[in-house]
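Asks: So you can see what is in the structure, the chains are spelled out below.
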Amino acid sequence: MDERFAIQCVNLHVAYGRQDVLCGVSLDIPRGVLLPIVGPNGAGKTTLLKAMLGLAPIRKGYVQTPFLFSPPGYVPQQKTIDPIHPVSLLRIVEMGLYPRLGWWKRIGRDERARMQSILDRFGLWAHRHKTFGELSGGMKQKTLLARALSTGAEVLLLDEPTSELDEETEQEILSQLQSLVRERGKTVVLVHHGLHQAARLAPRICWVEYGQVRWMDSADGLQGAGRERARP
Amino acid sequence: MNGTMDLWGQFPLAIAAGLLVGATCSVLGTLIILKRAVFIGIVLSEVAICGIALSFVTGVPPLVGSLGLTLGSVGLLAWPYEQSRIPRDTVLGLIFVLATAGALLLVSHSGFGIQEIKSLVYGDLILAQEADLRVLIGVLVPVLAGTMIFLRPLLNTFLDRDMSQVLGIWVALWDVLFFVGLGLAIAVAARTTGAVLVFAYLTAPPAAALLLSRRLGTVLALAVVFSALATLWGLHLSFLYDWPTNPAICLAAVLIFLAVLPLAALQRRWRGSSPSAGAPMDESDPPAGCRHRRPNR
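Protein chains in written order, with this note's numbering: chain A, 120 to 351; chain B, 18 to 314.
Heads up, some of the hints might be wrong.
[Stated by the list, open to error] Heads up, simulated DSSO-like pairs for lysine-lysine below, C-alpha to C-alpha not over 27 Å straight-line:
hint	chain 1	residue 1	chain 2	residue 2
1	A	Lys249	A	Lys224
2	A	Lys249	B	Lys52
3	B	Lys52	A	Lys179
[Stated by the list, open to error] Here are some chain B residues the structure puts well away from chain A; computed CB gaps all over 12 Å:
hint	residue
4	Trp25
5	Gly76
6	Val77
7	Leu93
8	Arg105
9	Ala226
The hints are simulated quantities; they were obtained by calculation from the structure and are not laboratory data.
The beta carbon of each residue, even a glycine, is placed where N, CA and C say it ideally should be.
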């Protein structure tokens, strides 16, 4: 795998049953960037993210990632953890420590302190004993973001991580993600719903449509291309 | 009190078997409730009975028949049905019907017929022998220990399969291991205590415990305590009123669950009115007594 890239997708084909979802996607994501993936509903954005994570059935092509040795942080599109589980918010966030702890190690003092700082960052520390079912939609989303960060991963793959947040919190979270990239050199791949907001987040965006990467450039370029396509 | 002591003196094997089966099944039952797969418990119990019935006809030892069929069914259930057009529940239903009909048909060829099936399904803990207890200890203790040791990956796969897979947990392997452990426990326990009591232990004590606590460790401990209470209370009732033992234990387990219901309601009310139970109040919290939900920020 080329060291410059965090993720490389090569001629990726993904299908669920007979339904092709991704058709020949090739994509190189450099290390230390924030890459928003945008596109219309049903374009294949979530499937592309899942293929990168090894969660989608790849029919053809391949994905190269370092995830076997250093698992990524991940926020799924479905922000659901069955509320029947008698586990606290803190326990859910601690799930991200599994690659370090395995099934036997206890959580050490350093890790506890790190958990506290992550939960503090999202304003969740005071709610750490609540169960998932007792949290509001926004707090659930923040919990899953905190869990993604608790892995300490170099690469974060986030599927609409701000979809249930109010505008102010959304801005706050997005600027935190930008600072993770700028200050700590993390790679963040973010499926996002709004083209204009995505354009403000990163210099390059990835436009997915009909199961293919149609554009990988600045939003200006994308809008220009759209105008080109729209021209009779 | 004297009655209980007499009971302990006369039926130590039944008490030990009941406590062990109760503890193991209540821990496993908590996990199958969290997995929303309670029906698996009764289906595997029924399959274990069918395996024993098969052993009557084929002449193989009952334990072998029961384990063989139960583990075979576990193999079917561990199949990933998430992408399948037939959900797991439907397959469970089919296995249940097949096992129930199969047990009846198989035993109809033996000399005892329907009476034998009745005794298998309802069982009688009081008749537990030393050999039964040895088998129970040999199988249930490792299953229980394994479940507790590997609770973290098991729980993670129950909580969030996708995230667990991303974190490097082999979710399919843990699923299979869990179901194999469950199958082993049910097959062995059903042979001694009957299918209905096993299912009672799998459901009533964990359900009562889940009502009372929001911490998994406490839930598991409470489930074990409730199963022990049900066993002792049921045996005591059976001894006092000359009732059949297993239904008495089942009744005790359900009564404990019913007794917990108002306690849980009180607890919820107390939690709802106690600021110390949740996050500390701040200036943006609604006033005390206000039930309005705090808006997302």
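Asks: For which of the previously enumerated hints does the structure constitute a violation, in increasing order of number?
Replies: Violated: hints 3, 9.
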